[in-house]
Amino acid sequence: MKRNNTADENTLAAASLGSRPYFNFSSKWSTVVLLVAILSGIGVFIWWLNIPFIEDIFTSSVITLISVLGFQLYMGNSGILNWSYVGYVGIGAFASAIFSMEPSLKAMQIPIMYPFLQKLHLPFIPAVLAGALVAMIIAAVVAWPLMRLSDAVGSITQFALLIVINVLLSQWAEVTNGPRTFTLGGSRQTTIWVALGFAILVITFVYYFKESSLGMKLRTSRDDRYAARSSGINFVKVRYQGYVTSAFIGGLAGGLYSHYILSITAGSFYMSELFKLLSMVVIGGSMSVSGAFFGALIVTLAQQGLRQLELGLTRSGFEAYGMSEIVVAILMILFLILRPNGVTGGRELSLEALRNLFRPKQYTNNNGNKK
Amino acid sequence: MESTSIFEVSGLSKSFAGLKAVDNVSMKIKTGEILGLIGPNGSGKTTFINLVTGMLEKDAGRITIDQHNIGEMQAYQIPVHGLVRTYQTIRLFKHLSSLENVMIGALGVGMKRKQAAAVAEDLLEELGLSERRDAPAQGLTFRDQRLLEIARALAAKPRFLLLDEPAAGLNEEETDELFALLSVMPEQKNIGILIVDHDMRLIMNLCNRLHVLNYGQTIAEGKPEDVRRNPEVVVAYLGSEAS
Numbered sequence: 078m079k080r081n082n083t084a085d086e087n088t089l090a091a092a093s094l095g096s097r098p099y100f101n102f103s104s105k106w107s108t109v110v111l112l113v114a115i116l117s118g119i120g121v122f123i124w125w126l127n128i129p130f131i132e133d134i135f136t137s138s139v140i141t142l143i144s145v146l147g148f149q150l151y152m153g154n155s156g157i158l159n160w161s162y163v164g165y166v167g168i169g170a171f172a173s174a175i176f177s178m179e180p181s182l183k184a185m186q187i188p189i190m191y192p193f194l195q196k197l198h199l200p201f202i203p204a205v206l207a208g209a210l211v212a213m214i215i216a217a218v219v220a221w222p223l224m225r226l227s228d229a230v231g232s233i234t235q236f237a238l239l240i241v242i243n244v245l246l247s248q249w250a251e252v253t254n255g256p257r258t259f260t261l262g263g264s265r266q267t268t269i270w271v272a273l274g275f276a277i278l279v280i281t282f283v284y285y286f287k288e289s290s291l292g293m294k295l296r297t298s299r300d301d302r303y304a305a306r307s308s309g310i311n312f313v314k315v316r317y318q319g320y321v322t323s324a325f326i327g328g329l330a331g332g333l334y335s336h337y338i339l340s341i342t343a344g345s346f347y348m349s350e351l352f353k354l355l356s357m358v359v360i361g362g363s364m365s366v367s368g369a370f371f372g373a374l375i376v377t378l379a380q381q382g383l384r385q386l387e388l389g390l391t392r393s394g395f396e397a398y399g400m401s402e403i404v405v406a407i408l409m410i411l412f413l414i415l416r417p418n419g420v421t422g423g424r425e426l427s428l429e430a431l432r433n434l435f436r437p438k439q440y441t442n443n444n445g446n447k448k
Numbered sequence: 002m003e004s005t006s007i008f009e010v011s012g013l014s015k016s017f018a019g020l021k022a023v024d025n026v027s028m029k030i031k032t033g034e035i036l037g038l039i040g041p042n043g044s045g046k047t048t049f050i051n052l053v054t055g056m057l058e059k060d061a062g063r064i065t066i067d068q069h070n071i072g073e074m075q076a077y078q079i080p081v082h083g084l085v086r087t088y089q090t091i092r093l094f095k096h097l098s099s100l101e102n103v104m105i106g107a108l109g110v111g112m113k114r115k116q117a118a119a120v121a122e123d124l125l126e127e128l129g130l131s132e133r134r135d136a137p138a139q140g141l142t143f144r145d146q147r148l149l150e151i152a153r154a155l156a157a158k159p160r161f162l163l164l165d166e167p168a169a170g171l172n173e174e175e176t177d178e179l180f181a182l183l184s185v186m187p188e189q190k191n192i193g194i195l196i197v198d199h200d201m202r203l204i205m206n207l208c209n210r211l212h213v214l215n216y217g218q219t220i221a222e223g224k225p226e227d228v229r230r231n232p233e234v235v236v237a238y239l240g241s242e243a244s
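Protein sequences, first through last, are from chains A and B. 78 is the number of the first residue of the first sequence in my numbering; add one for each residue after it. 2 is the number of the first residue of the second sequence in my numbering; add one for each residue after it.
Looking at chain B on its own, in the form it has when it is part of the complex (with noise of 0.2 Å):
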């Protein structure tokens, strides 16, 4: 039986010249399970996952796996740990092969190289990427470079996987495909994800839990059964007149 992580985030706070974009925000997550964050444009989403990654320097909180503190690390030392991410807009290395792409992934978490080639083979082979192993990620369609996006996080065998916004730019068929794999990630994989999107039909179908940002405030937490008839989420998403 593979053992539960356990990826925690208590009180973390950011704010950009006195504006608080993230404020005393705390979620968990456990292998295993997807949980949603949504929440209004600006509502501090992607500021949230800037500062887990250590891409941003937070203010306060803590931030931890197995209540290993991860908060206080540089961006560069965190997948180590078991945490990796993709990005809203996709940040490939454009002359890099699909392999040499996925391949990083690995190598940025001490893998030796033959066996950093053999788990890119293998991702490419999983994701349907294979035959355009050797072609330079710039010249993928939009959907392979999503995907590839996803190969090389998955290259770093993490035990969380933070996405943001991987539908955007994909049309509902990709979408569909989308969903396929990620739901069955967290089992195959023993991984916690996190995915941060406005595809609405999406979140609700693939996440467990959801939490709800607005004004870097949360505002809503639970199923999302639940959190789709909270009052507050709707004001939040449709302004106080649906209410």
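For reference, chain A alone in the conformation it holds in the complex (with noise of 0.2 Å):
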């Protein structure tokens, strides 16, 4: 059923299949240079500032952006929101906090700790990387039946995980201090370039799982899990896969983050830590690595500006606290109302993309004649 193409079209086909293999960096990889450039850049930019208090939002939200990366990369290929994420970056702080802390600090700050725990200590990253292990056994061990579920079923079963997991974080004193605060003890590990090259590790990763067989198949089940049966795909193994994974680069995110707060409580893994991770991949777009880093970037830069707006108005006598949660959460209904797949359209941010943006545009007549 070949179409009768004239000569232009032929030659137009040829050039293209000629030029573009499957893999072409201008238009894949270049996806992760660019975004690791730019986070690169300003991550220097911020650090010749030397301005500490800008060093340490920096280093904040790169973490935030680990987080939502992780995030992305089961809602934005599965299609579903991922309600207990939140809980695997809360198991992931508690789990790398209670690996990296010395046994002695342990014992003084929670006495009734299980003494198996007490004793445990390993370096800061291998610390990490174990908290973040710790995260994914969990998602392992109690995933499998919930990946069947799919659209409010699914969420429904998700976010009563996140209560179990949040319950479990804040009441079980033995391992997490219970209600009370945990402190690590020491000075803060995660700096801005540990946060960095984290980040720009994460970021190929995510985008590299997207571009695999395995997140390809993931997004068949996003699109149509009807055709992706047929077309051999087992939807809910693919989606298992993807949730692990998401949990453990959420467990890594929780790591980093207790490392540079150096004191947490189950509170920071709840509802809006994820409300928070839930605007930015909206804002962005959730198909797309490129949409949860520009909405990772542009949440940040709203929040950020937001708050000193709030003191400001306070200090004159104003009270404007919570206003920057408000003021997310209406720019979030109003991208899901106006622009659903979010400022990125769900498309990534790649060297083509951006010769389009600057090329002319052409259009085209009736005749089909560009002009």
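Everything labelled a hint here was simulated from the structure, so no lab data went into it. Source: prediction; values computed, not measured. Worth double-checking, as some hints may not be accurate.
Okay, derived cross-link-like pairs now, DSS-like style, lysine-lysine, Cα gap no bigger than 27 Å in a straight line [claimed, not checked]: (1) A:Lys-314 to B:Lys-158; (2) B:Lys-115 to A:Lys-314; (3) A:Lys-314 to B:Lys-95.
Both chains come to you apart, so use the hints to assemble them.
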């Protein structure tokens, strides 16, 4: 059923085939290079400014970026809102803290902690990775029966799982110090460079995941799970693999966060954190890695700006606490109504996209001729 | 010489709340031939396809390819055994590119990524969709979406292809193009085709044999010219006054 192409069309088709193999740098991997370049550029500039307050905000934002990338990995590719994700961020935060703290410090701060946990001690990076592994293992154990569920039912069960995780984190005193603050002690280990290094690795990994065979299969389950099944895709299995991978990145972000902030409670990994991640992927565009990246950038900048405004207003006698959350929530609602695929429209930033942006537009008249 | 495979269904039945949608239907298709499955609306054609592809659970019956029982398998396990389908209402992965849509057909039966990409490129070229390889499937014309769905099915290198109303929504010229594509496919690709459609011009010209369902039961089988004259078929399509 070959269409009778014109000579021009054939030349175009041949040229496009010849110059565009499936993995083409400009159309595919340039996304990673551009995102990494933007992030590193901002990071180096902030380091050069040498203003500790701004460096702190940036480091915290980069950790949030890692977290939102892990969130996007599952939500963006499977189309399922993973409410339980922040629970895994919390598990990673507590687990890595338990791994890295000096045993004597643990015995002093949390005397009721299980002895085998008190004895554990790992250096910072292995502790963060071990914490992420714990989050991944827990996800692997609980997730399988949930993966068959889709749509509202799938989301509700994930929400229920978040509640279970949150209650365990906030009440299991022998592990997490219960409702009291868990203080790591020592000095901040997640520096701007550590956060940047991990962010670069995670951007590369999440993009690679999306473009991999597994990522592609997971995206089919998002678009049409009936067609996916009849194309030989076991969507329960690919969802499971995506979910567990996402939990690992969440755990990693949690570990970096706990070693940045140095004192944590279960409340840090609950609704407000989930809302922040959700607003980032909605505003940026949940279906692309670039969407998560720019969503994190936009929401962070908006929140920081609005917080300064809040402080200014409060100082002048007008109580304005919570304004930033309200504005971000309204922004999210507006995006969902007016631009559901976010600022990126589900597309990735790439050299080709940039070239198209600056290329003069060609219009086609009724005869199909470009003008 | 390429080997002949046989897709065989025997005694297939399915009821919905007591209503027999498919009632003891049996059929056999060989590679190299095209069988048309026809019948009035609600006669059980799509239910039959959903049953043999594992999308619905059967009540009774046996489904085999070369004596290999595929009737107890999950839907996602069936393509690797050589049976794939398309849908009456087009079901594509709308946010994936045309190339990725076709690659999925190949990846789903266990091909490696590079091989899947090569197979997909060839099929897009064969079906005249190469220019649209990077475009999201949702942006294609209706005709191209129909073709893309067929390309995705063919990427699995099937021995049997089930087409559920492939001409639905196509104009006369596009249906002729579809005819040209499908008529050479069994020989070129050594596959058997089961086609469901309401376009009798397409069915009568394309199929080697016809199988007619009415109220879930087989009412006629045979060559198109014989089935056309079968009084029971005439009654099923036109009502008792026509006979």
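Hint check results:
1. A threshold of 27 Å between alpha carbons decides the hint, and for Lys-314 of chain A with Lys-158 of chain B the separation of about 23 Å falls inside it, so the pair holds.
2. Only pairs whose Cα atoms come within 27 Å are accepted, and Lys-115 of chain B paired with Lys-314 of chain A is accepted, the gap being roughly 22 Å.
3. A C-alpha spacing of about 21 Å is found between Lys-314 of chain A and Lys-95 of chain B, which places the hinted pair at or below 27 Å, so the restraint holds.
In this structure, every one of the numbered hints holds.
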